[in-house]
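Chemist: Residue numbers (my numbering), protein chains in the order written: chain A, 1 to 412; chain B, 1 to 602.
Because the hints were derived from the structure by calculation, they are not lab data. Since we're looking at a predicted model, the values are computed, not measured. Just so you know, not all the hints are guaranteed correct.
If you want the footprint, here are the derived chain B segments under chain A, 3+ residues with CB under 8 angstroms [said to hold, decoys possible]:
1) 87-98
2) 118-130
Pairs of lysine to any residue, SDA-like flavour, derived with a Cα cap of 20 angstroms [claimed, not checked]:
3) Lys-140(B) - Arg-55(B)
4) Lys-273(A) - Pro-203(A)
5) Lys-230(A) - Ala-84(B)
6) Lys-273(A) - Gly-153(B)
7) Lys-273(A) - Ser-304(A)
8) Lys-273(A) - Arg-152(B)
9) Lys-169(B) - Val-151(B)
10) Lys-140(B) - Asn-170(B)
11) Lys-273(A) - Arg-202(A)
12) Lys-30(A) - Ala-354(A)
13) Lys-222(B) - Trp-243(B)
14) Lys-85(A) - Glu-339(A)
15) Lys-169(B) - Leu-89(B)
16) Lys-230(A) - Leu-89(B)
17) Lys-169(B) - Asp-86(B)
18) Lys-235(B) - Phe-205(B)
19) Lys-230(A) - Arg-114(B)
20) Lys-273(A) - Gly-245(B)
21) Lys-230(A) - Asp-280(A)
22) Lys-230(A) - Asp-86(B)
23) Lys-230(A) - Lys-235(B)
24) Lys-273(A) - Ser-308(A)
25) Lys-536(B) - Ser-567(B)
26) Lys-30(A) - Met-87(A)
27) Lys-62(B) - Gln-102(B)
28) Lys-169(B) - Gln-83(B)
29) Lys-273(A) - Trp-121(B)
Computed beta-carbon distance windows for the label pairs [said to hold, decoys possible]:
30) Ala-281(A) - Arg-165(B): 29 to 37 angstroms
31) Glu-202(B) - Pro-152(A): 35 to 43 angstroms
32) Glu-221(B) - Phe-248(A): 55 to 63 angstroms
Even for Gly, the Cβ is constructed at its ideal location relative to N, Cα and C.
Chain residues, written in single-letter form:
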Amino acid sequence: MERVAAIVFDRLVRLDENGAPEPELAIAWKHDAGARRWTIRLRPGVEFSDGTPLTAETVASALQFPGLERTVTVSGDGVVIESRKPMPDLLSELASLRHAIFRVLPDGSLIGTGPFRVVLWQPGSRATLAANERDWRGRAFLDGIEIQMGMPLREQRVALELGAADLAEINAGDARRQDQSSGRIWLSAPLELMAIIFAPGRPAAADASLREALARAVDRGSMRAVLLQKQGESAGGLLPQWLSGYAFLLAPADGTRPRKVGAGLPPSLRPVKLVYDEGDALAQAVAERIAVDAREASITVEVSARPSGSADSGSDPGFDARLVRLRIGSTEPRRALSELAAALGLGMPPLPAAPSAEDLYRAERALVESYQVIPLFHLPEIAGLSARVRNWQPTATGEWRLDSLWLAPEKP
Amino acid sequence: MSYRNRLLMVFGATVLAAVVLVVWGTSALTRRAFAQAERERTDALVEQVRHEFARRGEEVAKRVQGIADADATLRMAVGLAGQAPDYSLYVNEARDIAAARQLDLLEIVAGDGRIISSAHWPARFGYRNPWVTQTAEWEKIPAFLQREELVRGATLALLAVRVVRVGGKNLYIIGGQRLDREFLASLALPAGMRALLYRDVEPGFSLQSLNDASGSLAQGEKLAGLVERVRREGKEQSQTVNWSGDAADAETFYAQPLRGRGQEMLGLLLVGNSQRGVVLLGRRMRWFGAGAGGIGLLLGLALAAWLSSRITRPVEQLAAGARAVAAGDWQARVEADSNDEIGELGRAFNQMTRQLAEHRERLVQSERVAAWRELARRLAHELKNPLFPLQITVENLQRARERAPQQFDEVFRESTATLLAELRNMTAIIGRFSDFAKMPAPHLEAVSVNDLLRDSVRLFEPQFAGAGRPPIRAEFALDTEVGNIPADPVLLRRAFENLVLNTLDAMPEGGTLTVRTRRSGASVHIEFADSGVGLKPEERERLFTPYYTTKEHGTGLGLAIVQSVISDHGGRISVASEAGQGTTFHIELPAVVPAAVTRAGA
Chain A
1 MERVAAIVFD RLVRLDENGA PEPELAIAWK HDAGARRWTI RLRPGVEFSD
51 GTPLTAETVA SALQFPGLER TVTVSGDGVV IESRKPMPDL LSELASLRHA
101 IFRVLPDGSL IGTGPFRVVL WQPGSRATLA ANERDWRGRA FLDGIEIQMG
151 MPLREQRVAL ELGAADLAEI NAGDARRQDQ SSGRIWLSAP LELMAIIFAP
201 GRPAAADASL REALARAVDR GSMRAVLLQK QGESAGGLLP QWLSGYAFLL
251 APADGTRPRK VGAGLPPSLR PVKLVYDEGD ALAQAVAERI AVDAREASIT
301 VEVSARPSGS ADSGSDPGFD ARLVRLRIGS TEPRRALSEL AAALGLGMPP
351 LPAAPSAEDL YRAERALVES YQVIPLFHLP EIAGLSARVR NWQPTATGEW
401 RLDSLWLAPE KP
Chain B
1 MSYRNRLLMV FGATVLAAVV LVVWGTSALT RRAFAQAERE RTDALVEQVR
51 HEFARRGEEV AKRVQGIADA DATLRMAVGL AGQAPDYSLY VNEARDIAAA
101 RQLDLLEIVA GDGRIISSAH WPARFGYRNP WVTQTAEWEK IPAFLQREEL
151 VRGATLALLA VRVVRVGGKN LYIIGGQRLD REFLASLALP AGMRALLYRD
201 VEPGFSLQSL NDASGSLAQG EKLAGLVERV RREGKEQSQT VNWSGDAADA
251 ETFYAQPLRG RGQEMLGLLL VGNSQRGVVL LGRRMRWFGA GAGGIGLLLG
301 LALAAWLSSR ITRPVEQLAA GARAVAAGDW QARVEADSND EIGELGRAFN
351 QMTRQLAEHR ERLVQSERVA AWRELARRLA HELKNPLFPL QITVENLQRA
401 RERAPQQFDE VFRESTATLL AELRNMTAII GRFSDFAKMP APHLEAVSVN
451 DLLRDSVRLF EPQFAGAGRP PIRAEFALDT EVGNIPADPV LLRRAFENLV
501 LNTLDAMPEG GTLTVRTRRS GASVHIEFAD SGVGLKPEER ERLFTPYYTT
551 KEHGTGLGLA IVQSVISDHG GRISVASEAG QGTTFHIELP AVVPAAVTRA
601 GA
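In isolation and in its complexed conformation, chain A is listed as follows (with noise of 0.2 angstroms):
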């Protein structure tokens, strides 16, 4: 869905591979001295893709919605953007998809001014996009855009083996196997974290020795030689060491066997429930590989799938701990850690207004050192092409870029 709004809807800035913005469908910004009023100046000429001029009046509204504590308005020919508190990572935070400029057509679908834009849309089935013929890049290569949606990763990789994709998600499990099969593949760095979360409210949460004894039972270099096929990096901290920097001094310490505490634990935390989200193969197996490793801790684990999107409801969740995919959304460290410790349900540690890479760090450290949340891995986002894919060039962040890719002519 993310991959879809990418190519359909731009942003008024995107980040470059330093986590930099770069102008899109903005041109030029400036900010007061206290950072809480934004002037941004809008690109000219640029239209939705039915025609429609893009207005400040369109970006305005595109940019206001519930939860805001800041007003949008128009001024000439861009928008001011102001708020009570200071906005230092403004242009971060409209580098986001939530931050896409649309509009709203009559019938209450949306259009944007974006590469491609939206044919047919069947949800969670399939989609066809068409180039934007009044892109202001230019209009992209591909004519056109045919993606299936809700498709198993199994069944993605073999359609691109067969011919009858160019593009598709592989599991990191499968990215030798694509790679030995002669078939292309793409790793990002590392955007993803596999974290263990435990449930607030639990008896298994409210217990630091358990949860440091489960902590230091995972063997996360055998999982990620095996069940990772050497893929991602195994974690330690939230950010990954590309981002941080600093992420190798909280590697973690595998090997080191924890003492066997799950004889002493209370039968309320025996045994543990470890839920991870149905349909993905890849939890799974990792979390069925943290029940072997917590025996050794003679803790028992209980695995158990949850259907995915679920939302914890009531005061009990009914798991103790849960294995978590989460995206990195931010190339910006500070940013990054505290959207992973806002969607870990962690409370942030304080930070000054502008955190040295030493506040971070200590910020971090205290966050893995409480047990509440269990790093496991840094997964990167893995995609196979077909030999006829030609210029591939997703971002930092890791959306694909599809407005410069173009299709080899198949040999006769």
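Starting from the known structure of chain A, arrange chain B on it as the hints suggest.
Modeler: Relative to chain A, chain B alone:
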């Protein structure tokens, strides 16, 4: 109880005992035979299960050998035999191979014991198998039972291990099938039999560890005792379990231990044999036996009745003949046609009655002659006394006529007076005899026995205290419960007076007359007891014989009249006496009107 009924009971009891014995014996023998057949059937099944185990074991070993011989396995072994092999490439191999080879369990283990791939517990890669490297020559070891840990719990499995050797390094292939519901369901068992698995040897019975082909066993805790016994004693045991109140629902289980390579007990195989067929057959046999026994019993009783009738009929005829003789029918005879003991008895009876009749006839004739003689003697005696004065008077008249005619008139007057007096005396004597001859029938009315006795005794009080003789004292012991009885007061008074008069004669030296009455059921008992001289035995025997007397001037009719009156009232009189010890007359009179007396009165 009659002889026939006793005989019938004996015959019936004999028939019943015989029928019961036959039915019980047949049932017991049949049960034993069926139990033996069931045992043999179960032994055959258990043997079949053993064969099934062996066959499955061979099959598992063959499949595991097939995996070991496969090129893919050889390539894997080659890949793992190098320096720093990459185990991760083979982590999913076991799952795919197990699916292809239809094995429930498959582990591929490196030479150092590290699990490379596991089909039944994929997440266990990297851990070490604790036992496979401890044995060298797996090729010589057939399939064996092993307890295998799974993701959830453990299972009993039939495993085989084969080794692929490449470059001096071993690659162990451990494959097997689980002993579970599917395994039990795959056993071909005859109807009414089932196999169960108990897959736990820890102390204490675990119901979850007990399964049959359909899953967990309802009321499985009833097998806890059997499981415990096998586990404790380590050998086969059996037990019959009643699942409900109906014996047909019972099931006999034969449990045998399942042992691993080291002969350690890993579980139990229980073979259940439904008792429904045997119980229903037993019930049918019992019903049949009861029916046949009942019919046999009825036939036996009928035969016994017929036989007892055949046997007792002559005896009954003898009894009837005896009763007829007792009733005075001296001509009664019985059939005595048979030549057996009963016929002999009948002939003896007939001879006896014939002889009795002849003796009675002779006795009657002799008694009749004696009676006539006694009567003649009494008449002669009684009439001789008045006849002698008559003769003297007539002779005096003759002499006075001849010798003193002047005095003849006076003599004639005196003589005729004497003659008339003697003739009156003779008339009186003849009158008494006549009265006895025509004793009247009693006219019954309610009579107070006690009052009648007091009046009768009081009449003789002057004689009791008469001058010139020792006094006699009269005592009464009268029961007030006696009350009134139906009797003729005149005749009864006459009888009582005769008895009192008799006591006067029996106590010439004085004494005591005691009169007692007593009510006993429907009879009234009366006693006249004197303390007189008593009777000799011969006197006592003839006491009630008419005209018999021991007195000089008695007619011998007094006690005969008493007996006649008492008899006419339906009563009885008897006498008890010893010489010198007094005499007691016992009278028993009916307190209600006897039928015979009613008819006589009518």
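Chemist: Indicate, hint by hint, whether the structure satisfies it.
Modeler: Status of each hint after checking the structure:
| no. | hint | verdict |
| --- | --- | --- |
| 1 | 87-98 | holds (count 4) |
| 2 | 118-130 | holds (count 7) |
| 3 | Lys-140(B) - Arg-55(B) | 16 angstroms, holds |
| 4 | Lys-273(A) - Pro-203(A) | 11 angstroms, holds |
| 5 | Lys-230(A) - Ala-84(B) | 15 angstroms, holds |
| 6 | Lys-273(A) - Gly-153(B) | 16 angstroms, holds |
| 7 | Lys-273(A) - Ser-304(A) | 8 angstroms, holds |
| 8 | Lys-273(A) - Arg-152(B) | 13 angstroms, holds |
| 9 | Lys-169(B) - Val-151(B) | 29 angstroms, violated |
| 10 | Lys-140(B) - Asn-170(B) | 16 angstroms, holds |
| 11 | Lys-273(A) - Arg-202(A) | 10 angstroms, holds |
| 12 | Lys-30(A) - Ala-354(A) | 19 angstroms, holds |
| 13 | Lys-222(B) - Trp-243(B) | 8 angstroms, holds |
| 14 | Lys-85(A) - Glu-339(A) | 18 angstroms, holds |
| 15 | Lys-169(B) - Leu-89(B) | 18 angstroms, holds |
| 16 | Lys-230(A) - Leu-89(B) | 10 angstroms, holds |
| 17 | Lys-169(B) - Asp-86(B) | 15 angstroms, holds |
| 18 | Lys-235(B) - Phe-205(B) | 17 angstroms, holds |
| 19 | Lys-230(A) - Arg-114(B) | 19 angstroms, holds |
| 20 | Lys-273(A) - Gly-245(B) | 44 angstroms, violated |
| 21 | Lys-230(A) - Asp-280(A) | 18 angstroms, holds |
| 22 | Lys-230(A) - Asp-86(B) | 11 angstroms, holds |
| 23 | Lys-230(A) - Lys-235(B) | 53 angstroms, violated |
| 24 | Lys-273(A) - Ser-308(A) | 16 angstroms, holds |
| 25 | Lys-536(B) - Ser-567(B) | 24 angstroms, violated |
| 26 | Lys-30(A) - Met-87(A) | 12 angstroms, holds |
| 27 | Lys-62(B) - Gln-102(B) | 12 angstroms, holds |
| 28 | Lys-169(B) - Gln-83(B) | 11 angstroms, holds |
| 29 | Lys-273(A) - Trp-121(B) | 18 angstroms, holds |
| 30 | Ala-281(A) - Arg-165(B): 29 to 37 angstroms | 34 angstroms, holds |
| 31 | Glu-202(B) - Pro-152(A): 35 to 43 angstroms | 42 angstroms, holds |
| 32 | Glu-221(B) - Phe-248(A): 55 to 63 angstroms | 59 angstroms, holds |
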